Amino acid sequence: MTTTLQVNGQTRVVQADAETPLLYALRNDLGLIGARYGCGLGQCGSCTVIIDGKPVQSCDLPVSAAVGKQITTVEALAVIENEDEKLHPLQRAFITEQAAQCGYCASGILMAAKALLDVNKDPSDGEIRAALEGNLCRCGTHGRILRAIKRAAQEMRGLGVG
Amino acid sequence: MAQAKDPAARKLPGSLDGNRRLDRWLCINKDGTVTVTPGKVEIGQGILTALVQMVAEELDISVNRIRLAPASTAFSPDEGITSGSRSIQDSGLALRHAAAETRDLLLALAAKKLGVTLENLTVADGVISARSGGTATYWELATPELLAREATFDVVEKLPAEHVVVGTSLPRVDILGKITGKVAYVQDMVLPGMLHGRITRPPGPRARLKSIATKEVEQMPGVVAVVRDGSFLGVVAQREEQAIRAERRLARLAQWDAGEPLPDSDPRRLQTLAAETEVISEKGDPATAGVRQFHAEYTKPYLAHASLAPSCALAHQEGGKLKIWSHSQGIYPLRGDMAKVLGMAETDIIITHAEGAGCYGHNAADDVTLDAALLARAVPGKPVRLQWMREDEFAWEPFSSPMVMRMNAALDAKGNIVNWGHELWSHAHSTRPGGSGGVNLLAAWHLEKPLPAAKPGNPPLPGGGSHRNAIPLYDFPNQKVTNHLIRQSPLRTSAMRALGAHANAFAIECFMDELAEAAGADPVEFRLRHLKDVRAKAVIEKAAQMASWKPNEKGDGERGRGIAFARYKNLAAYFAVIAEVQVAEEVRVTRMWAAVDVGQAINPDGVINQIEGGIIQSASWTLKERVDFDRQGVTTRNWTDYPILTFVEAPEVEVALINRPEAPPVGAGEGTQGPVSAAIANAIHNALGVRLRDMPFTRDRIVAALSA
Ligand code: FES
Ligand code: FES
Numbered sequence: 001m002t003t004t005l006q007v008n009g010q011t012r013v014v015q016a017d018a019e020t021p022l023l024y025a026l027r028n029d030l031g032l033i034g035a036r037y038g039c040g041l042g043q044c045g046s047c048t049v050i051i052d053g054k055p056v057q058s059c060d061l062p063v064s065a066a067v068g069k070q071i072t073t074v075e076a077l078a079v080i081e082n083e084d085e086k087l088h089p090l091q092r093a094f095i096t097e098q099a100a101q102c103g104y105c106a107s108g109i110l111m112a113a114k115a116l117l118d119v120n121k122d123p124s125d126g127e128i129r130a131a132l133e134g135n136l137c138r139c140g141t142h143g144r145i146l147r148a149i150k151r152a153a154q155e156m157r158g159l160g161v162g
Numbered sequence: 001m002a003q004a005k006d007p008a009a010r011k012l013p014g015s016l017d018g019n020r021r022l023d024r025w026l027c028i029n030k031d032g033t034v035t036v037t038p039g040k041v042e043i044g045q046g047i048l049t050a051l052v053q054m055v056a057e058e059l060d061i062s063v064n065r066i067r068l069a070p071a072s073t074a075f076s077p078d079e080g081i082t083s084g085s086r087s088i089q090d091s092g093l094a095l096r097h098a099a100a101e102t103r104d105l106l107l108a109l110a111a112k113k114l115g116v117t118l119e120n121l122t123v124a125d126g127v128i129s130a131r132s133g134g135t136a137t138y139w140e141l142a143t144p145e146l147l148a149r150e151a152t153f154d155v156v157e158k159l160p161a162e163h164v165v166v167g168t169s170l171p172r173v174d175i176l177g178k179i180t181g182k183v184a185y186v187q188d189m190v191l192p193g194m195l196h197g198r199i200t201r202p203p204g205p206r207a208r209l210k211s212i213a214t215k216e217v218e219q220m221p222g223v224v225a226v227v228r229d230g231s232f233l234g235v236v237a238q239r240e241e242q243a244i245r246a247e248r249r250l251a252r253l254a255q256w257d258a259g260e261p262l263p264d265s266d267p268r269r270l271q272t273l274a275a276e277t278e279v280i281s282e283k284g285d286p287a288t289a290g291v292r293q294f295h296a297e298y299t300k301p302y303l304a305h306a307s308l309a310p311s312c313a314l315a316h317q318e319g320g321k322l323k324i325w326s327h328s329q330g331i332y333p334l335r336g337d338m339a340k341v342l343g344m345a346e347t348d349i350i351i352t353h354a355e356g357a358g359c360y361g362h363n364a365a366d367d368v369t370l371d372a373a374l375l376a377r378a379v380p381g382k383p384v385r386l387q388w389m390r391e392d393e394f395a396w397e398p399f400s401s402p403m404v405m406r407m408n409a410a411l412d413a414k415g416n417i418v419n420w421g422h423e424l425w426s427h428a429h430s431t432r433p434g435g436s437g438g439v440n441l442l443a444a445w446h447l448e449k450p451l452p453a454a455k456p457g458n459p460p461l462p463g464g465g466s467h468r469n470a471i472p473l474y475d476f477p478n479q480k481v482t483n484h485l486i487r488q489s490p491l492r493t494s495a496m497r498a499l500g501a502h503a504n505a506f507a508i509e510c511f512m513d514e515l516a517e518a519a520g521a522d523p524v525e526f527r528l529r530h531l532k533d534v535r536a537k538a539v540i541e542k543a544a545q546m547a548s549w550k551p552n553e554k555g556d557g558e559r560g561r562g563i564a565f566a567r568y569k570n571l572a573a574y575f576a577v578i579a580e581v582q583v584a585e586e587v588r589v590t591r592m593w594a595a596v597d598v599g600q601a602i603n604p605d606g607v608i609n610q611i612e613g614g615i616i617q618s619a620s621w622t623l624k625e626r627v628d629f630d631r632q633g634v635t636t637r638n639w640t641d642y643p644i645l646t647f648v649e650a651p652e653v654e655v656a657l658i659n660r661p662e663a664p665p666v667g668a669g670e671g672t673q674g675p676v677s678a679a680i681a682n683a684i685h686n687a688l689g690v691r692l693r694d695m696p697f698t699r700d701r702i703v704a705a706l707s708a
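Chains as they are written, first to last, in the numbering used here: chain A, 1 to 162; chain B, 1 to 708.
Read the hints as simulated data drawn from the structure, not as lab findings. Nothing here was measured: the structure is a model prediction, and the numbers come from that model. Any given hint might turn out to be false.
Unchecked claim - Once the Cα atoms are required to be at most 35 Å apart in a straight line, the calculated DSBU-like pairs of lysine-lysine come out as:
1. Lys86/A <-> Lys30/B
2. Lys323/B <-> Lys150/A
3. Lys150/A <-> Lys624/B
4. Lys624/B <-> Lys121/A
5. Lys86/A <-> Lys121/A
6. Lys150/A <-> Lys550/B
7. Lys182/B <-> Lys323/B
8. Lys86/A <-> Lys182/B
As the list claims (entries may be wrong) - Pairwise CB distance ranges, derived in the manner of DEER restraints:
9. Thr96/A <-> Ser62/B: 19 to 27 Å
10. Glu85/A <-> Thr122/B: 52 to 60 Å
11. Lys449/B <-> Gly9/A: 20 to 28 Å
12. Gln10/A <-> Arg206/B: 45 to 53 Å
13. Glu85/A <-> Ala708/B: 55 to 63 Å
C-beta: ideal position from N, C-alpha, C; glycine also.
Please build the complete structure, drawing on both the sequences and the hints.
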């Protein structure tokens, strides 16, 4: 049995059956390992991807529920221009702020943050925190991650970042 | 240098002492790169970046030339376990020295080649130049034989004042892959023809498998093998979701003998058990009565490492050899225990480290590795990837031990402490693989022919385990510190960030606040007056200054602040912190100000990152965390049962680093844990006037304390 999905702007066919959580189809069928397994229970956000503009935890979404929708994973954040990887402002800000210890939480958080910044160009501290309500970080990197998201938002609004 | 020439007679820096050959640590490559092979591993703490800096510094090369090889039993030096904030002292000092000797050897070759004396040579990024003209590069000079020799100790490392790479905040070497979705963790590895495994565990630590009808599961789609050996039960399937479904079916079909019921989960139960008792510090007359006496008792519960990624390993059995990829903190001790279980020669097992998520101590990394090997043995020739499910990790990882601290003290007429007593009860804090007389791997105890566990124990003082940081750094004229060790725990206990130092420093620093109040003294001044150590005083003064601390400042019934301090293991990082809390329905930690002194900071931003992380993690332990169990097994099995601090709740944290380039570098990962818990307790007392002594400080406990 196969299922056809729209992932990062491409049509992709996966072997996973309809009930398989999307996370396993992304990681094992498509090699998109940026979405990580943390709990499989929709509690930690490590597996977050964007589906039709909304952050979704791919570990408890069956593949069948993603059919016909636009799925974006962290692999599509950076774009390739003239063979160079051009990082997304969020990724650049994560490097500038050194917003990782083990980094296992990072890709899910980047996707939750992107979904926020796509609809809210100038989020307050409280709005950023609320947008990350479904994401856990065990290393305690919270402060740096929040600063990185603020920095990226500023840059995306075209303001100089200091 | 006019020292003895017998290298074996002298102690070399860090792990170089036990692994003296230079080529175990470094390789100068023809292509203009240097391969570094430390035995310590990245566990999220940023150690690899610091090691790169130390090597680049001594070799006078750009950091971009350095390639890090993952630690492997195939070639890496045996550096035991990456733990105890010892990687800079063990691996860093070894590499620093090995690099300095390597540079010296290369300079000697260059001098010969260029026909000049050593004094006439300079090095820039691996290019050696003679003042009189002529150059030679490391890459053309180095031969494979050059480093096939033992370190001599006859080489002087750079002075701190000469450092240009060490002491700068080099960005982490590992961050890019982690934020672009590249293969970054063992969980992401794929081997050709790889199968997926899952394990069905008993309902509790004392349960045993009575019977299982495996036929139905064997016929499920994709299932390749069902593996049963005693109470060890697992499945291998083509696809990951097939393995998960098969495992769920196995769990439903398995019949278990429950075994003896588990006891109550209250930490105070420790005081009712037979203990090995040892007085670890005694000074003056511990019966000194002063003019007023005080007592208090503090507790902490079982805690979980709760790594964000459940543990994972890959195993591949082929032709009598076993290849393993694991995020173990100690690949050599793990290999030793695995060899015993599998009845193999150690040399037939090759374990290569691959990073996992942050682990904060001995989690299930080692256990999952044996599990994967047991499954791989059932499907020879096929690699097996096994990741534990979230529920497995919460139920079966080794936990941090519960502890009870009973404190007593006496004040004199001036309000100074004239007597101090600290008695503690705890299970063991170290049951890692490599213990003597047994095997410390979960599955080994479940096999048909089980191998017994090694005797649980503690690392010895001065570092210590349950007694880590139990001896106060304060100067008291009379004192007595007593350790009651209860080795056997109903739930397995082992090393977690700071070991006993978390609970001991928590108790000491809370009790100091209670005594300061009784003496009518300001808690900052009270600490300073009982300390002689100038570096200790400096971090306390710095934190107070950062927070604009006002002597005897009062809380207002909702908001309050508290301070705490410790020197980790009494010999490593100095750390002082002030916490601000806001109490409404629940305790919210709103801000933290901290000062830290780790001696020479190899990478200042890396130190600050670790300190910030330790602060937030400890705040989470203090406010929210507790592993619970019923008569059968662990009941806290997911993030709802075991909540941790969220992005909404995370405090603002400000960290100041007191850099002391002349002082030896020490680790930064663990010294935060006890003081943060105490600062929060002290802040709650400052805000509300109630004293919480049992962690975690949940809403129920606040309510109970307020109505008491
Ligand atoms: S893995 Fe999906 S929410 Fe945790
Ligand atoms: S950086 Fe390790 S979980 Fe967030």
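Now the hints, each set against the structure:
no.: 1; hint: Lys86/A <-> Lys30/B; in the structure: holds (32 Å)
no.: 2; hint: Lys323/B <-> Lys150/A; in the structure: violated (45 Å)
no.: 3; hint: Lys150/A <-> Lys624/B; in the structure: holds (28 Å)
no.: 4; hint: Lys624/B <-> Lys121/A; in the structure: holds (33 Å)
no.: 5; hint: Lys86/A <-> Lys121/A; in the structure: holds (21 Å)
no.: 6; hint: Lys150/A <-> Lys550/B; in the structure: holds (32 Å)
no.: 7; hint: Lys182/B <-> Lys323/B; in the structure: holds (23 Å)
no.: 8; hint: Lys86/A <-> Lys182/B; in the structure: holds (15 Å)
no.: 9; hint: Thr96/A <-> Ser62/B: 19 to 27 Å; in the structure: holds (21 Å)
no.: 10; hint: Glu85/A <-> Thr122/B: 52 to 60 Å; in the structure: violated (37 Å)
no.: 11; hint: Lys449/B <-> Gly9/A: 20 to 28 Å; in the structure: violated (55 Å)
no.: 12; hint: Gln10/A <-> Arg206/B: 45 to 53 Å; in the structure: holds (52 Å)
no.: 13; hint: Glu85/A <-> Ala708/B: 55 to 63 Å; in the structure: holds (60 Å)
Comparing the model with each earlier hint shows violations of hints 2, 10, 11; every other hint is respected.
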